[in-house]
Amino acid sequence: MANSVTQLKAGHGGRISHFTDERIAGKLMTMGVLPGSRLRVVRISPFNGGYYLKVDGMSIVVRNDEASNIMTTLDAE
Amino acid sequence: MHKIALAGNPNSGKSSIFNQLTGLRQKVANFPGVTVEKKSGKLHLPDGEEVMLVDFPGAYSLYPNSEDERVVLNVLTNPDDENFPDAVVYVADLTGLDKHLLLLTQIKDLGLPCILALNMADTAEQEGIIADNDRLSVFLQMPVVTVSGRTGANIGALKQAISTILQSEKINTPLYQPGPVEQNTLRKVQQSLGIEQPYRALLIAHHAEKLPFLLKEEKAKVAKICETEGFQGLRLQIAETMRRYQIFTPVLQAAIQKKAEKTTFSDRLDSVLTHRIFAPAIFFGVMFLVFQAVFAWAAYPMDWIESGFGFAAELLKNKLPAGWLTNLLTEGVLSGLGGIVVFVPQIAILFLLVTILEEVGYMSRAVFIFDKMMQQFGLNGRSVVALVSGGACAIPAIMSTRTIGNWKERLITILVTPLISCSARIPVYTVLIGFVVPSDRVLGIFNLQGLAFMGLYLLGIVAALGSAWVFKKILKSSEPSWLMMQLPPYRWPVWRNVGITIWEKTSSFVLGAGKVILIASVILWGLASYGPSAKMEAAEAEAMLIAQQKNLDETATGNLVAAHKIEASYAGHLGKFIEPAIRPLGFDWKIGIALITSFAAREVFVATMATIYSIGSTDDEATIHDRLAEARNPDTGAKVYTSATAASLLVFYVFALQCMSTLAVVRRETGGWKWPVVQFSFMGILAYLGSWIAFLLLS
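These protein sequence lines are chains X and Z, in that order. My numbering numbers the first residue of the first sequence as 4 and each following residue consecutively. My numbering numbers the first residue of the second sequence as 14 and each following residue consecutively.
Where hints are given, some of them may not hold.
Claimed, not checked - Cβ-to-Cβ under 8 Å is the rule here; a few derived chain X residues that face chain Z:
no., residue
1, M34
2, P49
3, G53
4, V64
What the hints contain is simulated information worked out from the structure, not anything from laboratory work. Note that the Cβ used here is the ideal one computed from N, Cα and C, for glycine as well.
Isolated chain X (complex conformation) (with noise of 0.2 Å):
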């Protein structure tokens, strides 16, 4: 089962498993957010505008529209 990171809060995470819009697919795939990736959502923004996520260690913003096509699976970790 596959949860869009909007699905998650703060503290949680997984892995990476597809992301359902190829535009925003391939704008984050750029910046090393790929599937397979571990994903952590750190915080929820003020105003509720956008997510904090670790990726790989990597801190990274994106708006909920971006966050709501990056599709995660349990973390088997």
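Position chain Z relative to chain X; hints supplied.
Frame of chain X; chain Z shown alone:
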């Protein structure tokens, strides 16, 4: 001269390396046709050769997501481009190397000789990261040098590597092997456009539509090829990106030794600084301190500059023979120069503080905190920085919008920033609030005048956000708005970078905007000192007569003559000419003159009023206040300055764009006169309507 490109991801510390290599021998320009900044500088190599180093904008890949990244693609796929490099120094952050190599592998596949500079060696060492450079070098077929932009460690070795690579043979096997569809497409593009380099042909197949160097026919040919071959750009791009990571990730895992991840200092700091509730409060606290510092620290040097220029003008007046040339020099040129230089302390201090916040990594957090709120108004999280800085001075604030990637969001930020009340409005506010608002206390602690002051600032903020919202609805943009941004770890600033940034911004203000201000001041001086000669002489004679009758002393006579002359001057005529237009706002021709002269800069208002009402000392606000209060209409005997007039004038100064420097800077940042004209007009209309309403309500 050989050209060397400096490329790398944003946050790779590329600019530190650039500063280390070139020092202050930098030139700032734009890449042709776009407003993306291009820095270049000469570099002496150990073998005596001199090469040109060009700093490319930070980019993640050759599949661009912003104007900055597009420049990198446009140049690197066009060997005829004036900036096309002979070799590339690729800067990557050693502490996060697994996410930094995508662009390098693409540049390498274009057949360009590359050097990999592993930056942040100092931090990597502290974090216990060890890199096997030989292994990376063999895999990537390029020299690998570990450097530190902060300490300057190994910069010599990097220079040596540049020397060597310019003389050695190119050995380059592409890392990425295109699939069948890509192969077929790129071969046809190669034949059709006469391109040799395969990856270049592939990138042209992907991006032909938007590549500026291709002819229309060429674009059509490529589009045709892609269609017949079933070339699905986006899908193939994703597959290529995935494949590249699959190729280099295992090599990196073998070549880099890393300690297990743990909660870092940055993470702990972020849990406070990006906290959902505390973060906005902390941000405003920080900005308040910045604002205070700009105010408090800049006041002294600004005083010195003003008195310095005043002294120089006095000196010239006494030494040079009296005449129009001396007047032009002292009142036109010198005061114009003073008007430019006086902004330097504010600009320098604001950039000192903003650059420190940027270098430390705090600014990207501010973007995260306010992005949502700003989006509602068609702005970007990064606009917060500009809007807050605008409270000190719009000029550096507008220059700081260069970090906003989306053009529409950047443009709106530039357009509305001057509505935030800047420090130059303070003298005008001070004089006029005295009329409207009694100096009483409310609830025992709040001074009513102080509250009015705050009200004017709020009025500016509301107007800025409101106009932004309107522009958001009017302006069309094909560029999608999105935010994906890496938050760099908090780092101690590199002082060298801070210093160079301040130097660069300040000098570009003085040289760029300075020219326009100087020319306009000279014109304004001419308007205020000259008029139809018969009338000017008559005015002077009349003033002398009155002075004799009233038995005035020498200073008072001089002041009276100046007052009568300005009325007879072209500026006076202009003031009378526009009087019918500003009458509905409650202004007479004298205020008209002040409005015209304060177009040069708002603070001139007080000085002009002083001249018109023949007060010798310009900085005595209390005297002006008294004179204005006494002023009466000669025909009706009614008071000219009622509280309605003063309120109307206040609203006018909140909204109107009376600052040549701002217009000059906007022209430079937007690359033409269109946007400064739009900005001047909408703010003018806003000011006129606002004043009219204020006058109607109060009179």
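Results for each hint:
Hint status for M34/X relative to chain Z: holds, with the closest Cβ pair at about 5 Å, below 8 Å. Interface restraint check: P49/X against chain Z, minimum CB-CB distance 5 Å, threshold 8 Å, status holds. The restraint placing G53/X at the interface with chain Z holds, with a minimum CB-CB distance near 6 Å, inside the 8 Å limit. For V64/X, the interface hint holds, since its Cβ comes within 8 Å of a Cβ in chain Z; the closest pair sits about 5 Å apart.
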